[in-house]
Amino acid sequence: MELSLQTSIDGAVRIDTLGKITRDGWPPHYDPLVECYGSNEIYSQRLLLNLENSGHIDSTGVEWLLEANKKFNQNSGVMVLHSAKPMITELLKMMRMHLVLHIASDEMEARHKLESSSQT
Amino acid sequence: MSAPHSKTILVVDDNPLDLQFAGGIITGQTGYRVVYARDGVQAMELMQCEKPDLVLTDLQMPEIDGLALVEGLRQRYPFVPAVLMTAFGSEEIAVEALQKGAASYVPKKELRRRLVDTLRGVLAAADGHQRHEKVKTCWQGTHFKFCIDNDDAVIPVLVSHVQQYAAAMCDDDETESFRLGVALHEALRNAIEHGNLELNSRLRADGSDEYYEMAQRRRREPPFCHRRVWIEAYESGDVSRYVIRDEGPGFDRTLVNYDPCDPANIAKPSGRGLFLIHTFMDEVAFNDTGNEITMTRRRKSPRGDAPHARAPRSWQAQQAIQ
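Same order as they appear, the protein sequences are chains A and L.
Residues 1 to 120 (our numbering) are what the first sequence spells out, left to right.
Residues 1 to 322 (our numbering) are what the second sequence spells out, left to right.
Bound-form chain L, shown alone (with noise of 0.2 angstroms):
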């Protein structure tokens, strides 16, 4: 009995012998429903009414060449992958198509023993890719939160979990996330040793481990080692918040005066954290008692044309962060 036709994949050569013998592998060593087309114009229109999941393209035809085809694809189509058959000698081409984003290529001598296990390799990264971009177009926004105790190794995990998390919905680049992570980083940081464990900065002065010896007994003692962080994050395409709160008594932020365009600012051991938050952030709130900081990150160009970019979000979501 044969499986049944989970995947339709759409064979485009002009060369008919090929074409069968591509086929042929296909149909022979998988349950999947193989399409043919003869050039890159018949593979345009056949996306149309056969709707494949994968392009398996030979790179020279007449018309549109399989370079081409690529593009188009990657244009009208950017959710199908396309894997190149390639003829000996046309390795610099197949390296021009993959950067131009065909999934992978197979040389044409090795179909019989490598066609295969490369399509399942590409449907299979296809897949998820897929789900994930098409959870995105209908994604409006999330809503995270955590609970910490003092210990500073969970904040880079933390961070990164969120940095991963804007990067992957919000197409964040490596500038955006080094920014995030920074914000992030210092207000957690500020939380669990000046609000939680109410160290005063002044005992770092002139290099002293102080600050740090009692860091390390506070954590170990009542009141301080029963206090927590709250974390509370909201991600969407234009709008990013996070509101961090701690447990200890709340400062007074207008006491943290950090500028350094004040050379006597330049070596002093407070309020680097604070002023790396404002820089990053487009907006910072702190609640009266100064244990709670809200920052505010919008993003200038937000991504694609995708609903969420422009929709407004949702009451519900607005209101749980706020």
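Chain A on its own, in the form it takes in the complex (with noise of 0.2 angstroms):
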């Protein structure tokens, strides 16, 4: 899995995922977060996670994204997954990842999510 640095706007860190969601390969210790956004302050940020152009995700990635979510939480930072292909989705959904997890269908609808995860 690969993240791509988008241009931040209104405030808002957009990182795109690339490939699977999986961490098979990974190095311990490796965040790819932190290594993609350059310091830990991602998790105090507002980040748009776009998943579209990951076609798979297995129970590591999701392990990643709950991860991941608990340290933005810590940390006062919100992360919000968007644009999600429809396996995708559906997998997080059976696994009731909606439950702890911000998930958006499109970055317009993700946009609204962290507005009102930022408010409350």
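In case anyone wonders, no lab produced these hints; they're calculated from the structure.
Backbone N, C-alpha and C define an ideal beta-carbon position, used for all residues, glycine too.
Incorrect hints may appear among the rest.
Computed cross-link-like contacts, DSS-like style, restricted to lysine-lysine with a CA-CA straight-line distance of at most 25 angstroms [unchecked claim]:
no.	chain 1	residue 1	chain 2	residue 2
1	A	Lys20	L	Lys268
2	L	Lys100	A	Lys71
3	L	Lys145	L	Lys100
4	A	Lys93	L	Lys300
5	A	Lys71	A	Lys20
6	L	Lys7	L	Lys134
7	A	Lys70	L	Lys268
8	A	Lys20	A	Lys70
9	A	Lys85	L	Lys7
10	A	Lys93	L	Lys268
11	A	Lys93	A	Lys20
Stretches of chain A that chain L covers, calculated by requiring three or more beta carbons in the stretch to come under 8 angstroms of a beta carbon on chain L [to be verified]:
no.	region
12	26 to 35
13	42 to 48
With the hints as a guide, bring both chains together as one complex.
Rendered as structure tokens:
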């Protein structure tokens, strides 16, 4: 899996995932979000994570999203996933991830979720 | 000396001059045999007796036009590709014809320059497709065997191979392919990490990296590094079975109980992979030791009316995987 940092808009960091969302092949202590953003500060940001370019996800990928989400919560940041392909959306739903993760169907909805999460 | 008539091309055009012009280019530049039809009706009649390898047809003709002919060919002779000859201004219809199954098109004004290359390209592609389709009509099943070490980089390569084979032979769609990929990937990772490397998911709790550090260490340490994962896969039109065996001590599957409906389980580090396997496969069974998983999936709607979709699988093929 690769992450690609996009231009930030309205104070929100935009990152795209590329390829399968998985922890496979990661060395210990590797944090792709920190690597991509350049510092631990990522977890105090408002992040829009675009899953559009990922066709697959596995259990370790789900685990990574949960861990990342936990770090955002601990550091007063927010992460909203958006634009996932239907099969990934279904898989996340099946695992009831919508109860703990912020998931939006597209970037516009993700921005609304980001706003409402920031206000609460 | 002329080349042998390795291929037969049926050229269809209601304009006799255009008909002879296109046929002349083909016979002049290739060794292909050319047969001629004045319209779509005659073309369909000639399909029976001449058995052409490719149909080159004009788009605008009386009775059956090129578009209708492409549709008719697609239904009755799906192995025979059709190439359209288009006049200026008929590009939109040509696009429609491509959507309806035409293999390619050549503008009439460029016939001399592009026709032969186009025909050769389409025939080469059709040869491969025809061979594959013919194999599928008599295919009963395929048995794979793999043995891998504990390198998880091999997993996506192997999974992709099985997915591609199942898509090509069993017409698995994107959803089926996704489900197969997830289940196989999870089972293989379980076999390597929990089976051969004997890693406990609890080490991953609270985002700790201890699990991954131990995995890295054990990949180099005996006895873990000497262990292998054995994979047997049986693919057929209506059922697929995958057996994955590791060389670890086995696990007690009753201890893994992941229910996503229980909120306490949502963030739990273990059991998610097994849950996905159970969700995406129709049957999941373990051996008594707990180091071998057998996953079965049955296709709800067997593809087309190919013989293998109805015929019982051979006893040997079934036994091979049991």
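To see whether the hints hold, each was checked on the structure:
Pair hint Lys20/A plus Lys268/L holds up; C-alpha atoms about 22 angstroms apart against a cutoff of 25 angstroms. For the suggested pair Lys100/L and Lys71/A, the alpha carbons sit about 52 angstroms apart, so the restraint of at most 25 angstroms is broken. The straight-line distance between the Cα atoms of Lys145/L and Lys100/L is roughly 40 angstroms, outside the 25 angstroms bound, and the hint therefore fails. Only pairs whose Cα atoms come within 25 angstroms are accepted, and Lys93/A paired with Lys300/L is accepted, the gap being roughly 23 angstroms.
For the hint linking Lys71/A to Lys20/A, the alpha-carbon distance of about 22 angstroms falls within 25 angstroms, and the restraint holds. At roughly 18 angstroms between alpha-carbon atoms, Lys7/L and Lys134/L fall within 25 angstroms of each other, so this suggested pair holds. As the CA atoms of Lys70/A and Lys268/L are separated by approximately 13 angstroms, the hinted pair is consistent with the 25 angstroms bound. As the CA atoms of Lys20/A and Lys70/A are separated by approximately 21 angstroms, the hinted pair is consistent with the 25 angstroms bound.
At most 25 angstroms may separate the alpha-carbon atoms for a hinted pair to count; Lys85/A and Lys7/L exceed this at roughly 45 angstroms. Among the hinted pairs, Lys93/A with Lys268/L is consistent with the structure: their alpha-carbon atoms are about 16 angstroms apart, no more than 25 angstroms. Of the supplied pair hints, the one linking Lys93/A and Lys20/A holds, its CA atoms being roughly 18 angstroms apart against a limit of 25 angstroms. Only residues whose beta carbon comes within less than 8 angstroms of a beta carbon in chain L count, and the region 26 to 35 of chain A has 4; three or more means the coverage holds.
With 0 residues having a Cβ less than 8 angstroms from any Cβ of chain L, the region 42 to 48 of chain A misses the three-residue criterion, and the hint is violated.
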